[in-house]
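2 protein chains.
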Amino acid sequence: MESLQVQSYSNSYTVYVGANVRHRLASLCNNNYQTILIITDTTIENLYLEDVKHSFSADQNVHTAVIPAGESSKSHDVYFRLLTKAIDCGLDRKSLIVALGGGVVGDLAGFVAATYMRGIDYIQVPTTILAHDSSVGGKVAINHPKGKNLIGSFYPPAAVVYDVETLHSLSKQEIRSGYAEIVKHALIDNASFFQDVVQHRSIYSISNEVLIDHLLRGIKVKASIVQEDEKESNIRMFLNFGHTLGHALESELGYGKISHGEAVAIGMLFAIKVSEDLLSISLPYNELYDWLKENEYPLRLSYINPTDLLEKMKLDKKAHNQKIQMVLLEKIGCPKAVQVDHSWLLKKLTKFLEEMTVE
Amino acid sequence: MESLQVQSYSNSYTVYVGANVRHRLASLCNNNYQTILIITDTTIENLYLEDVKHSFSADQNVHTAVIPAGESSKSHDVYFRLLTKAIDCGLDRKSLIVALGGGVVGDLAGFVAATYMRGIDYIQVPTTILAHDSSVGGKVAINHPKGKNLIGSFYPPAAVVYDVETLHSLSKQEIRSGYAEIVKHALIDNASFFQDVVQHRSIYSISNEVLIDHLLRGIKVKASIVQEDEKESNIRMFLNFGHTLGHALESELGYGKISHGEAVAIGMLFAIKVSEDLLSISLPYNELYDWLKENEYPLRLSYINPTDLLEKMKLDKKAHNQKIQMVLLEKIGCPKAVQVDHSWLLKKLTKFLEEMTVE
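Sequences listed follow chains S and A, in order.
First residue of the first sequence: 1, per the UniProt record's numbering; consecutive thereafter.
First residue of the second sequence: 1, per the UniProt record's numbering; consecutive thereafter.
What the hints contain is simulated information worked out from the structure, not anything from laboratory work.
Built from N, CA and C at the ideal position, the CB exists for glycine as well.
Hints may contain errors.
With a Cα cut of at most 27 Å, we get these calculated DSS-like pairs of lysine-lysine [claimed, not checked]:
| hint | chain 1 | residue 1 | chain 2 | residue 2 |
| --- | --- | --- | --- | --- |
| 1 | S | LYS312 | S | LYS351 |
| 2 | A | LYS317 | S | LYS85 |
| 3 | S | LYS323 | A | LYS94 |
| 4 | S | LYS312 | S | LYS148 |
| 5 | A | LYS148 | S | LYS94 |
| 6 | S | LYS94 | A | LYS94 |
| 7 | S | LYS94 | A | LYS231 |
| 8 | S | LYS85 | A | LYS148 |
| 9 | S | LYS148 | A | LYS85 |
| 10 | A | LYS146 | S | LYS85 |
| 11 | A | LYS231 | S | LYS85 |
| 12 | A | LYS312 | A | LYS347 |
| 13 | A | LYS146 | S | LYS94 |
| 14 | A | LYS336 | S | LYS94 |
| 15 | A | LYS85 | S | LYS317 |
| 16 | S | LYS273 | S | LYS317 |
| 17 | A | LYS231 | S | LYS231 |
| 18 | A | LYS85 | S | LYS146 |
| 19 | A | LYS312 | A | LYS351 |
| 20 | S | LYS148 | A | LYS94 |
| 21 | S | LYS317 | S | LYS347 |
| 22 | A | LYS94 | S | LYS146 |
| 23 | A | LYS148 | S | LYS318 |
| 24 | A | LYS318 | S | LYS85 |
| 25 | S | LYS257 | S | LYS348 |
| 26 | A | LYS94 | S | LYS312 |
| 27 | A | LYS85 | S | LYS231 |
| 28 | S | LYS94 | A | LYS318 |
| 29 | S | LYS94 | A | LYS312 |
Which residues of chain S face chain A? A few of them, derived with a C-beta cut under 8 Å, are [what the hints assert, rightly or not]:
| hint | residue |
| --- | --- |
| 30 | SER75 |
| 31 | HIS76 |
| 32 | PHE80 |
| 33 | LEU83 |
| 34 | ALA114 |
| 35 | THR115 |
| 36 | MET117 |
| 37 | ARG118 |
| 38 | GLY119 |
| 39 | ILE151 |
| 40 | GLY152 |
Generate the whole structure from the sequences, applying the supplied hints.
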């Protein structure tokens, strides 16, 4: 088992990464919690809930709450029902919530923990590769019908316990989605990390050992940025590399049509093109493109109106007074936020979409 | 105008206290906020909303949301509607929420600010004496049908702007309720503060000057304790002096039947009796009793079953494993948390209630 320490504004917590660590969850807690509520979803319930439950001892009161799998559970309604459940289970200020699942469970259970009795401890137990990103950094939230993650807090976990064994039950699409964020962390951090990832031609047959290494390095990138800028006033926006177009694509195509990471993969390709043109440099566009293609990322898009897409990009949280700001790369490992002229961007985007639809 | 600085875990903020400072609210902001949402209730709307609105300049977008006056607005439903309102008004991460009102508005609007886009700035503009307590210290919350303040955060304001002119519109009951917390701050802090308060025989004819002095000293006591123990792990519980019985009384009689401060006043009398007996000391019980009586505090209770009341006291947040813990006084200015034997306490409580019903 590997571990690393993350410093947040309010506490320091450990991220454990290893095979089968879910069985040791209770022993990795700093406190001997009397009452525990494990929140998970209908998919993970059948796979790992019992293992996590049994890691606690008989004299601890362990309760469980199972939410429907999927983004729609990050709702106000499910949030409120979980708070009621916490009360009914007798959770007090010294109790623990365990978030067992992917990003949806982590965000939702984390927000319940953040606001139950003004905040109690919670532990992230991510079961997707994508959640290596969301489980670290303390961002927790639910959705509002008018927008994603509009209701939330910055509330760091008491620990993150990452069992790579649970990642073998992921679908190919989920593996792709998660690996896109690992590639993103590599691209904004350093060239050798990027090379180490893309030298593995298939992400579907990666060993636990390599997976642990990639996850840990990804988490390190995230953690070091978040430690410096927890509340997202400046450099935390670098983590948004590939997300300006990525989020717009997700929203324009309809959530669920394309996974988050798949959309970010396309967003990264576009951000690299923009970087090359705007900063007059050369980046490994083809290398990334080929690797994505080999790994079956959906790189062929159905027709999308570029003007509509640009409008969505203006809604990006990095935008200032409706001016689009993109994270670009001066070189691998050197991200930079740049305000981009809209008419120039529209031309660029139109051409990019043409290439992606023809292919 | 007087001011004092409060240090919280995340920021340092200023508490301004003075006459007519509501007209200067905008100039007391550290930032030039582009978009502002003032949240107030139906009572305060007609009294001070226009003044606060007009303190902002014409190029700032000032929106208002008015909630029904009263505790029932601290609901999940009103909370969600305010978040929707914030979205509809176009509030972003750099926007400001102004909480104009008493504790209900402060707690609710503060929780909206704490969780809107993971937290935006808010300013407390208290319009009750009682809110000198709740507006400082960063506790924000809403109620759950199963209990008060069960959903909330620790989220300090960007500033507190306290206009004592607004306190002249308070009812006698509201003045009593607020002054009980000032007396509490005096009792846990020092004897001369206590003497300074009780020498004023009528709290209904106190000058602005004296009121500013009392409020500032009360806030100082609160602030110095909160600075040392923001998350309520130890000494912050001293602020609960009088509250173990006070909260139980409120709950047993039904919220609204007796005001919070009136219940705390009775709770303080009881805590003094318990202190005298348990710690074999003498405290100014009669002095406090007479002062409360002169100021028309309701000291004559209708019959309450002592066993029922004791059960409610066990629900107190200071209780550990169902054992009641009370804040007692070794002398004025020396509070101490003491675990009290239940059967002894029941006898004491029975006798106290008899005295309070006979009187």
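How the hints compare with the structure:
no.: 1; hint: LYS312(S) / LYS351(S); in the structure: holds, 18 Å
no.: 2; hint: LYS317(A) / LYS85(S); in the structure: holds, 19 Å
no.: 3; hint: LYS323(S) / LYS94(A); in the structure: holds, 16 Å
no.: 4; hint: LYS312(S) / LYS148(S); in the structure: holds, 13 Å
no.: 5; hint: LYS148(A) / LYS94(S); in the structure: holds, 18 Å
no.: 6; hint: LYS94(S) / LYS94(A); in the structure: violated, 34 Å
no.: 7; hint: LYS94(S) / LYS231(A); in the structure: holds, 12 Å
no.: 8; hint: LYS85(S) / LYS148(A); in the structure: holds, 16 Å
no.: 9; hint: LYS148(S) / LYS85(A); in the structure: holds, 16 Å
no.: 10; hint: LYS146(A) / LYS85(S); in the structure: holds, 11 Å
no.: 11; hint: LYS231(A) / LYS85(S); in the structure: holds, 24 Å
no.: 12; hint: LYS312(A) / LYS347(A); in the structure: holds, 16 Å
no.: 13; hint: LYS146(A) / LYS94(S); in the structure: holds, 19 Å
no.: 14; hint: LYS336(A) / LYS94(S); in the structure: holds, 22 Å
no.: 15; hint: LYS85(A) / LYS317(S); in the structure: holds, 19 Å
no.: 16; hint: LYS273(S) / LYS317(S); in the structure: holds, 21 Å
no.: 17; hint: LYS231(A) / LYS231(S); in the structure: holds, 20 Å
no.: 18; hint: LYS85(A) / LYS146(S); in the structure: holds, 11 Å
no.: 19; hint: LYS312(A) / LYS351(A); in the structure: holds, 18 Å
no.: 20; hint: LYS148(S) / LYS94(A); in the structure: holds, 18 Å
no.: 21; hint: LYS317(S) / LYS347(S); in the structure: holds, 22 Å
no.: 22; hint: LYS94(A) / LYS146(S); in the structure: holds, 19 Å
no.: 23; hint: LYS148(A) / LYS318(S); in the structure: violated, 38 Å
no.: 24; hint: LYS318(A) / LYS85(S); in the structure: holds, 22 Å
no.: 25; hint: LYS257(S) / LYS348(S); in the structure: holds, 24 Å
no.: 26; hint: LYS94(A) / LYS312(S); in the structure: holds, 21 Å
no.: 27; hint: LYS85(A) / LYS231(S); in the structure: holds, 24 Å
no.: 28; hint: LYS94(S) / LYS318(A); in the structure: holds, 12 Å
no.: 29; hint: LYS94(S) / LYS312(A); in the structure: holds, 20 Å
no.: 30; hint: SER75; in the structure: violated, 11 Å
no.: 31; hint: HIS76; in the structure: holds, 6 Å
no.: 32; hint: PHE80; in the structure: holds, 6 Å
no.: 33; hint: LEU83; in the structure: holds, 6 Å
no.: 34; hint: ALA114; in the structure: holds, 7 Å
no.: 35; hint: THR115; in the structure: holds, 5 Å
no.: 36; hint: MET117; in the structure: holds, 6 Å
no.: 37; hint: ARG118; in the structure: holds, 5 Å
no.: 38; hint: GLY119; in the structure: holds, 6 Å
no.: 39; hint: ILE151; in the structure: holds, 5 Å
no.: 40; hint: GLY152; in the structure: holds, 5 Å
Checked against the numbered hints listed earlier, the structure breaks hints 6, 23 and 30; every other hint is satisfied.
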